[in-house]
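Peer 1: Mature numbering (1 follows the signal peptide of the UniProt record, and there is no 0) puts the sequence shown at residues -47 to -1, 1 to 229.
Be aware that a few hints might be false.
[To be verified] Listed next, the in silico SDA-like pairs over lysine to any residue satisfying Cα-Cα at most 20 angstroms (straight line):
no., residue 1, residue 2
1, K127, D95
2, K127, H117
3, K127, E20
4, K167, Y111
5, K207, A50
6, K207, R131
7, K207, E218
8, K127, R99
9, K167, T222
[Stated by the list, open to error] Here are the in silico distance ranges between beta carbons for each label pair:
no., residue 1, residue 2, range
10, S58, P121, 46 to 54 angstroms
11, E153, D2, 27 to 35 angstroms
12, P121, D2, 55 to 63 angstroms
13, D2, N54, 52 to 60 angstroms
14, E169, Y203, 31 to 39 angstroms
15, D206, I56, 17 to 25 angstroms
16, I56, R120, 41 to 49 angstroms
17, D25, S125, 51 to 59 angstroms
18, N172, Q82, 30 to 38 angstroms
Just so you know, these hints were derived from the structure itself, not from any lab.
Ideal Cβ positions, reconstructed from N, Cα and C, are used throughout, including at glycine.
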Amino acid sequence: MPRTSLMPCTTHQSPGQPLRRLLRHRPTRLKVAAAAFGLLPFQTSFAADYPAPIEALQREGLEVHGEFDAPDGLTGYAASHQGQPMTIFVTADGEHAIVGNLIDSEANNLSEAPLERLVQGPMDDAAWQDLGDSAWIADGSDDAERIVYIFTDPNCPYCTQFYHDSRPWVESGKVQLRHVMVGILDPASPRQAVTMLAAEDPSAMLEAHENGDKVEPMNNLPRDLEQRLQDNHNLFYGFGMVATPGIVYYNGDKLEMSQGAPTPEQLVTIMGSELN
């Protein structure tokens, strides 16, 4: 069976938040749905000297992240609404605004660079920090040059497949995987996930589990780790994830995500290099 026919492990459990429909296996540039769900703290500036159209949009929930130069007397504003980046161009008289991308005579998108610098880049940085602060299990060398985060459920067969497919990069010391544990696919998953996080050597337990020595859940789960697991679930749904493994990684300077077992070509992109 070709890899592209593999279905990711999916769940419809949700903490009351809308789920996105994402194309299976397609790496997606992170629009950081977490910002829309309040997981990423962005400060909105309500400066008194903003033009009237900008202030009106702020009252509707617009977040202004910065101002930039634009041609022909326009002033550009890099902004976001419910986590979706956008540009707004205000006319010289300050009375009117145009929402959307500005294109020049050679079809260059003049909105792209300001959005990357003022909105998407900081959003990506905040999302990466949230992942770093989550409850994860290290898989690979702490000295690895590349880090990849994976939302992993103990009962997800495609998480196990990804674990084994990634061994050449992990065992070479090039990549460290950080398994952000979730328990969403099976009634036993939450207890197993907390048991793995609570282990004396979580990395060793993860390795044993993925090699067939399945985790026996603890009888008494630490309350603090139960809360950390719930925080992981909130982060999972905040990113718009609907399936495991949910993989978040940098592709160049852009943060992207993929769901389900990657194809061989996608695996190279996620791991950042070909095998030598």
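Peer 1: If you check each hint against the structure, which ones fail?
Peer 2: 3, 5, 9, 11 and 13
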